[in-house]
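There are 4 protein chains.
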Amino acid sequence: MTQSQMNFNNVNIPEKLVPDNYLQLGLAAQRSKQRSFKELLEKRKLPENGWSDERIEELVHMLASLDSNNYPHKVGLGEREARIACKLVARRHYNFGHGIGRSGDILEAQPKAAGSTLLARLTNALILDLIRGIGLPSCAGCFLVPMCTGMTLTLCLQSLRKRRPGAKYVLWSRIDQKSCFKAITAAGLEPVVIPCLIQGESLNTNVDLFREKIKSLGVDSILCLYTTTSCFAPRNIDDIAEVSKLSKQWQIPHLVNNAYGLQAKEIVHQLESANRVGRIDFFVQSSDKNLLVPVGSAIVASFNESVLHDVASTYAGRASGSQSLDVLMTLLSLGRNGFQLLMDQRGENFIYLRENLRKFAELRGEIVLDSRCNSISLAITLATMAGDQMKSITQLGSMLHMRGVSGARVIVPGQNKTIDGHEFIDFGSHRNNLQVPYLTVAAGIGITREEIDKFFDIFSKCWRQLFQTKNDKTMSLLETTIK
Amino acid sequence: MTQSQMNFNNVNIPEKLVPDNYLQLGLAAQRSKQRSFKELLEKRKLPENGWSDERIEELVHMLASLDSNNYPHKVGLGEREARIACKLVARRHYNFGHGIGRSGDILEAQPKAAGSTLLARLTNALILDLIRGIGLPSCAGCFLVPMCTGMTLTLCLQSLRKRRPGAKYVLWSRIDQKSCFKAITAAGLEPVVIPCLIQGESLNTNVDLFREKIKSLGVDSILCLYTTTSCFAPRNIDDIAEVSKLSKQWQIPHLVNNAYGLQAKEIVHQLESANRVGRIDFFVQSSDKNLLVPVGSAIVASFNESVLHDVASTYAGRASGSQSLDVLMTLLSLGRNGFQLLMDQRGENFIYLRENLRKFAELRGEIVLDSRCNSISLAITLATMAGDQMKSITQLGSMLHMRGVSGARVIVPGQNKTIDGHEFIDFGSHRNNLQVPYLTVAAGIGITREEIDKFFDIFSKCWRQLFQTKNDKTMSLLETTIK
Amino acid sequence: MTQSQMNFNNVNIPEKLVPDNYLQLGLAAQRSKQRSFKELLEKRKLPENGWSDERIEELVHMLASLDSNNYPHKVGLGEREARIACKLVARRHYNFGHGIGRSGDILEAQPKAAGSTLLARLTNALILDLIRGIGLPSCAGCFLVPMCTGMTLTLCLQSLRKRRPGAKYVLWSRIDQKSCFKAITAAGLEPVVIPCLIQGESLNTNVDLFREKIKSLGVDSILCLYTTTSCFAPRNIDDIAEVSKLSKQWQIPHLVNNAYGLQAKEIVHQLESANRVGRIDFFVQSSDKNLLVPVGSAIVASFNESVLHDVASTYAGRASGSQSLDVLMTLLSLGRNGFQLLMDQRGENFIYLRENLRKFAELRGEIVLDSRCNSISLAITLATMAGDQMKSITQLGSMLHMRGVSGARVIVPGQNKTIDGHEFIDFGSHRNNLQVPYLTVAAGIGITREEIDKFFDIFSKCWRQLFQTKNDKTMSLLETTIK
Amino acid sequence: MTQSQMNFNNVNIPEKLVPDNYLQLGLAAQRSKQRSFKELLEKRKLPENGWSDERIEELVHMLASLDSNNYPHKVGLGEREARIACKLVARRHYNFGHGIGRSGDILEAQPKAAGSTLLARLTNALILDLIRGIGLPSCAGCFLVPMCTGMTLTLCLQSLRKRRPGAKYVLWSRIDQKSCFKAITAAGLEPVVIPCLIQGESLNTNVDLFREKIKSLGVDSILCLYTTTSCFAPRNIDDIAEVSKLSKQWQIPHLVNNAYGLQAKEIVHQLESANRVGRIDFFVQSSDKNLLVPVGSAIVASFNESVLHDVASTYAGRASGSQSLDVLMTLLSLGRNGFQLLMDQRGENFIYLRENLRKFAELRGEIVLDSRCNSISLAITLATMAGDQMKSITQLGSMLHMRGVSGARVIVPGQNKTIDGHEFIDFGSHRNNLQVPYLTVAAGIGITREEIDKFFDIFSKCWRQLFQTKNDKTMSLLETTIK
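Protein chains in written order, with the working numbering: chain Z, 336 to 818; chain F, 336 to 818; chain D, 336 to 818; chain E, 336 to 818.
Looking at chain Z on its own, in the form it has when it is part of the complex (with noise of 0.2 Å):
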């Protein structure tokens, strides 16, 4: 194989430029790095521990010379030539410039760029290599693509539809965030809805009415079952071992909307016995939210490698590589033990969030409500704060807001919304006819000791403020009333 980026292979260094014995030491000190590039393509295993900065550049330059568009004498004759105009550009990507896929296969190697096939297909393989390590062993494939969670979802969905030309229905276990639905009307299908059970104080999936539907609808006319593994408390994870069973028992595709599941140990096993005992065929992840990278793309993953490549192949295009980089140099930057101590600190927060809400709640009259099978976010009732005024509780989300917390929610009832012709009664809450509002806050991944106690502090001085001014209109209203 020739030769391809700088070393001292076929170089006789002169004695006038260094000595000889200082050289070899400096020379031997790049063994362990030429054996970690070796074995990372050679087995596509992520480190066990995370590579520094200068190794990844390294890596990811040497990949980049690969592509035509820095071939020194390249001649494009073509209409497309990865040129790029602004060198602040260029020098962001590496100078890579060509994307990933060929059109129509974002999973095929892409003949101008050496390159940025190799980046893409190694980042897969790193991806997958986390997947199952994390423990999800029976894992068969997985890519990313480089859009939002729900167009991917809807790529999957467009994918299956290829397969059942006839079928437009998608069973859809309800929660309220708009893009997971969307991505189903996007996609030109129907969705049905299948409310949550009320359970006590938590949400959990309808099995039951999936089955009747199943029936009532009929099989041929139904795409796929669609559900969701991670979500705002008070609901629960979507019961995906009962579904991959009814799933596996129609033989009806079955999608996982995983958003932020990969993160939370407990979902990554629900997600590998559910396909045991059933049928998942594809489950999507976000990428920003589990691996730390910026917002842009998302992992479609399967336990059957085949059903994959259709995925790939109805992406319409060359896609962007950009956000397989960011994955690349994160996964490697953490290695797999970053990416476990990642985890674990996740899941000491989480415990440390509850736990602490559970005291601020019990101080206030307030509860935590219980959705045991959440391990990512937490629910607290704001009833005594609302008392009759619920409405007015949306202002305790901007205080909060206004004082650096983000991704805290207010949700109060009423709030109804049309999303594409479809209606949602209280929005926000998974359900209908919600009587109690609540506040919902996460443990993340990336989340830290420091975040979550300063949140208290913020959250305490917020709910002070706000009963006072409630109270003091109490009061300016018996006044009133009074005189």
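To be clear, the hints were calculated from the coordinates, so they are not data collected in a lab. Every value quoted in this text rests on a predicted model; they were computed, and no experiment measured them. Certain hints may be false.
Same chains, same label: a pair holds when it works inside one copy or across any pair of copies.
As the list claims (entries may be wrong) - In the DSSO-like style, the derived pairs of lysine-lysine whose C-alpha atoms are separated by at most 27 Å in a straight line are: (1) Lys378 / Lys600; (2) Lys503 / Lys513; (3) Lys422 / Lys409; (4) Lys497 / Lys548; (5) Lys409 / Lys694; (6) Lys497 / Lys789; (7) Lys497 / Lys513; (8) Lys351 / Lys378; (9) Lys550 / Lys580; (10) Lys600 / Lys422; (11) Lys351 / Lys513; (12) Lys789 / Lys409; (13) Lys378 / Lys422.
Chains F, D and E: place on chain Z using the hints.
Okay, now just chains F, D and E, sitting in the frame of chain Z:
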């Protein structure tokens, strides 16, 4: 309005640090920069002249500092907080992480990311200003979609379906580019292929057949008419004026694939005038092919602003902001004059390429196929070379490729291909019944005269070599025969 | 004062770009940053906590924009206009090009470069604040010189000569570090070597001999007394208090080579108290050894601000500003707490290293040489190992080096050396008549516990291996003899 | 020789990652790069054409990886381990930290830093190749010193003193540039000023006075003759040929301050021929003024390699490698042709500046002072403007400065100055008894025609404005008088 970035407004820099008269000179020098920022943000117009790298990066850093993940005292309690694990990744994205839009509408402002929102909208405004300036003053709006052109065309089709749920046919003037066709099937729609008219050596739109199909299929069953402006010779730009008239007459939407048409003033002018006499709903173009950024996004534009929102709200999720950043930086770096210069040079280089190709052809008994309405791509026959061994001529393509020429394509008869169940005869030639093989080359934006010269150098050598081989083979065949 | 950097002060950002309430949140988040800039420039104090990379770079870019080479409309008609040919070079210097000072005074403001002037002076102010904070409150001033410690010591000597043109002797307490000595000869002065007192196992300053020499040579012929604080064990820090008293008594300047003494609180305190009881004109330290920046600069500090100007005005030309930039960025990145933490950790690691070295020594019949007043470097004898083949023990040094240990030095008797005409017996040991070879190691700032552990690992292995080899040799020698 | 950087030599990249034929094309494209690295290191010659940024950085990263601080498993037990605390600082130095040379010799290899050693020596080799190529084929060696030109001249003087310890006088042809003079006093030597001959309007070397002084002071008491090549008009380049003859005749060293003389072929040729007829020991030039890098280093060159080592071994300590890096990157980026082009353009721009200045002068009754042997700087009288209010003319300088013109200097009679005890009459004019004020401008390397045009624009406006003011004053004075 509050002050955000560092400045010396309220800072009393002591004389101990720097004499005031020296400082004043330095401060005065900042005024033109400050003015350029103010103008850009208030008027949202492309600057006449390109900005320096430093100025561009200052703007970008400033925008990024407005996103919540970059607040010094942020407290993230949600499932998506734009945490970036790898410092290198954060750096290459200038700490942007939140993406753009809100789940379910790519054009909505993102509450967690004022800076990203500004970035995305400013970019769209500058693209609009550019489009209007280069010959499309009637363009009413446009926006960047961080997906490839094909997927973006799919998105347009999906948005049209919401308006015309009963329609399922897309009338498509044949062009042999895979993702253009797959854009239809990906959306689950039914393509109706309108073959080109073969007129002399060139391929033109069969407007009559469009009319006939409208009548035979029925207006209501037709989702839209679908044409293409930029393509490989000898196919010409579609007759978009006439198709636009049909569109207007029958009130059927008209979608134009303008893949790399923004770079050629001839195409731009035809779009403007077609809209004047008829109807174009969307024209979609690749960012990388027209604006010299890495592959990864497309631009949807329209002469009617309101329909754009339908497309934007079809995108199911929050989108990558990285492609907007690339385009913003590139446009600021080029300025209006820089882009105009690139367009002018491309025009000149196209003529240079054509003249030289004609000379080359004449000397070798070949011809440059007449495609008067194609101002980017050119085709030269390979008749004498191919003789009766047509398939062997494909070797020419790989010979060129091996020598660093990318983008030149050899088309030979007999390459049939089935895409999503539709068979295409002589795929690559945009027609059935191709007789003479040919080679296409294009003068894309950014091409240099040096590249063209080098190409003819290499082309001549390959030609000679291939001719030699062929004659040798013929000789030895003759010899064999004689013997 | 005029506004300089981008901000939104006078910019009316239209709602079309971003909703005002989102923007306001982003702007509010900038206030703490803005406050930190204001404080830094107005108070010139080291921030308590380190700054983020983004904040540091914003400050640096802002400073650079004040230099004339970065004015948008500059017209350079001089012989030195800070034009930078290579973009990569410009980028790595943040477009600083003008250097600092004016020909003939490194502390003067540079009229063409208000930003560089600010940079240099701010850096000096922060260093001063740091030095005072870690235990030298009496320090009156200091500045960074972009030359190595040795050349900076020369510069101090040159400045002293201007005051005492008739004096030519420098009384120098022997320390076997080449550049410390060459600093004298480079200045064209006459070194008078004061050998150390050998007291038990340690080497201390011979104060009496200093006194004698002053008397015998005559006060007027002596330019200065010259001591050193940081050195390899078993030499101790010089008795700077006593030498300071002599200096005060005889009114002879006193120059202290404090090469890496800023990192050790013991040394810092001795400097402070020596000045209280006597006189120190300058103490000079390496930036790289103390502040963890690349090699290339030193810091001259004094308890008397006026004498610093003599040194500054001795530097003949305009100096590099690059080293000031390194130190500024490093200090802002660490903050006061970050530096203090590094100092504390160093102190703990020194104790850890000493304890482990003692255990190591005990087990092998060696001792750790007593050098009670050296809190950085340690020496362990190699007596048993060396036996009668002392020179062979140098092999140990290269064995360690080969295995990645740098900085450990083996000192053996008999290494004489002549420097600029002066002969040193047993060079490296700071003394004549060395009997027992030894190895020195140091716990410098930034050392980690992991490094120390790895060192003992490697040291043990080398020891074993060397011992084995030696015994084998002895055996074969015995065998030979027997035969 | 061991392999160091990443390459695919021993890596078997699986087909799953990239098809082998695509990969081979990418690998083949690396060969010219690999060849350029080999040539650079083996032949140590400046490449003909400049390298791309990517190639330069690949080389630089590779060199840095050879330094011990970048070994993956380093264990630092010394006092100087090139630890870099701030990531930004490490990044901007490409992780170089160890500096160059060894304490006491800047040219020695540094055992801890094979890469830095290579960097420094390669840089020196390329500078030498450049110097020889532009007209100094007899140059025997040179090296970069990371100090300003003045301090580097001091270093040369210090090294000469070691050879001639009894000599104390430096015979110096007057040039009014502070650091040039201070270089002598900094070294503790005695300057003997040789005033220029005033011949017509130009100032030339008084060779006879040099000869007389040699005789009167005595050869042995003279350390060296000290001349200057580049200076502000109307002073001319010194007559270095004649001084070289004296130097050879009397065997007194000859030091040439060639501050910005490397950019002008006239000066370069005079150096070459002066050495042929006489003797030049060292010629010293600024890196920033000649090679367009940031301020911070100088180059000592000689026609006799051995004397260079005396200078190198006079530098007392380990030096910054940062300046070598700047020069290396710049030279690789320009290539021989790039530098030659800059020199040629400078020559043309000098003529352009001179012609325009003459026209300007003629129109206003001024003259361009004749300084035939100055090919960089020009002087125009301000006689008519100044009239009898000579001092007011200095205002012109600050008017120009305020409008962005830097480097233009106004010289007026009567500016006396004392430097280190030596008084200079009419400082700035290189002479006593100046009568007519004048303004100097220079065409330095890198100047553009646009700058020259803008200069005359601004100059004209200022001239008009100042003239107006003056007349107004005269008028009002007249009026006052009349009244």
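### Message
I want to check one pair: Lys550 and Lys580. Are their C-alpha atoms no more than 27 Å apart within a copy, between two copies, both, or neither?
### Response
For Lys550 and Lys580, only the intra-copy Cα distance (15 Å) is at most 27 Å; the inter-copy one is 49 Å.
### Message
Within a copy, between copies, both or neither: which one fits Lys351 and Lys513 at a CA-CA cutoff of 27 Å?
### Response
between (68 Å within a copy, 24 Å between copies)
### Query
Taking 27 Å as the upper bound on the Cα-Cα distance, should Lys503 and Lys513 be classified as within, between, both, or neither?
Result: close both inside a copy and across copies, 20 Å intra and 26 Å inter.
### Alpha-carbon proximity context of Lys789 and Lys409, limit 27 Å
Result: close only across copies, 9 Å inter versus 55 Å intra.
### Task
Since the copies are identical, ignore which copy is meant and state whether Lys422 and Lys409 lie within 27 Å (CA to CA) inside a copy, between copies, both or neither.
both (18 Å within a copy, 23 Å between copies)
### Query
Is it within, between, both, or neither for Lys497 and Lys513, if the alpha carbons may be no more than 27 Å apart?
Cα proximity of Lys497 and Lys513: in one copy and across copies (25 Å, 17 Å).
### Homo-oligomer pair classification [Lys378, Lys351; C-alpha up to 27 Å]
Between copies only: 11 Å across, 40 Å inside.
### Task
With 27 Å as the alpha-carbon cut-off, assign the pair Lys409 and Lys694 to within, between, both or neither.
between (66 Å within a copy, 23 Å between copies)
### Task
If the cutoff is 27 Å on CA atoms, where do Lys497 and Lys789 land: within, between, both or neither? Let me know, please.
neither (50 Å within a copy, 46 Å between copies)
### Query
With identical chains treated as interchangeable, where does the CA-CA distance between Lys497 and Lys548 reach 27 Å or less: within a copy, between copies, both, or neither?
Both, since 22 Å and 25 Å are each at most 27 Å.
### Query
Using 27 Å as the alpha-carbon threshold, which applies to Lys378 and Lys600: within, between, both, or neither?
within (25 Å within a copy, 50 Å between copies)
### Query
Taking 27 Å as the upper bound on the Cα-Cα distance, should Lys600 and Lys422 be classified as within, between, both, or neither?
between (43 Å within a copy, 26 Å between copies)
In summary, the one numbered hint that this structure violates is 6.
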